[in-house]
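Q: If you want the building blocks of each chain, they are given just below.
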Amino acid sequence: DQQVKQNSPSLSVQEGRISILNCDYTNSMFDYFLWYKKYPAEGPTFLISISSIKDKNEDGRFTVFLNKSAKHLSLHIVPSQPGDSAVYFCAALLTYNTDKLIFGTGTRLQVFP
Amino acid sequence: EPEVTQTPSHQVTQMGQEVILRCVPISNHLYFYWYRQILGQKVEFLVSFYNNEISEKSEIFDDQFSVERPDGSNFTLKIRSTKLEDSAMYFCASSAGTNTGELFFGEGSRLTVL
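Chains A and B, in that order, give the protein sequences. If you count the first sequence from 1, position 107 lands on 109 in the numbering used here, and the numbers rise without skipping. If you count the second sequence from 1, position 40 lands on 345 in the numbering used here, and the numbers rise without skipping.
Everything labelled a hint here was simulated from the structure, so no lab data went into it. Misleading hints may appear alongside valid ones.
In silico DSS-like links for lysine-lysine, alpha-carbon gap of 25 Å or less [unchecked claim]:
#1 B:K362 / A:K70
#2 B:K388 / B:K347
#3 A:K7 / B:K347
#4 B:K362 / B:K388
#5 A:K70 / A:K56
#6 B:K383 / B:K362
#7 A:K73 / A:K58
#8 B:K383 / B:K347
#9 A:K58 / A:K70
#10 A:K7 / B:K388
#11 B:K347 / A:K73
For clarity, every value in this text was computed on a predicted model and none was experimentally measured.
Okay, chain A solo, but in the shape it has when bound (with noise of 0.2 Å):
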């Protein structure tokens, strides 16, 4: 089952630039997107979602942008700082008679000074 997929296991960028940490999915009939950061030793954190009826949402320095069409999501951080490394997992809802999340299987995203 690889209705989600991160094909980026990790990510490196400088502090100060941007990061974009990418998504894709299979099913279109998802309602909701979803970004989760993930500290080690610590549970998944909720950062950002996205309805798919919308094509971008903005959050302070986190941006998500859904491209349906290319079932493509993206996440950008920017500026990145050193406190954003961590693990960004992407999530996919689907609304209709379940409330389970799907998740990928993550990126690891360091942030060098």
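With chain A fixed as given, assemble chain B onto it according to the hints.
A: Frame of chain A, contents of chain B only:
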């Protein structure tokens, strides 16, 4: 800030033993979940719980697994007879409403089955 708490943080058990993982969700939340992450793999849904009953469960959640909310605050996951492949990090989560995907996760309980 309210948070989801889980105990134990790490449990080591012998194959075939019963294990209970405990969670205290955020107090005004109504929807409760267990997810797990096997080392190096994705976070996987196990079960969701609402109004004192299971609302959805995955294929992983077989007869060896059960959940309970015994006292209105704790939310437990029991594995009746553990297998080696049950070794994983188990995350409890809760939410105030459904269909948003915005879950509050605990720090996880690492289960090691020997």
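Q: Please name the hints from earlier in the document that this structure breaks, with their numbers sorted from lowest to highest.
A: Hint check: 1 and 10 fail, others pass.
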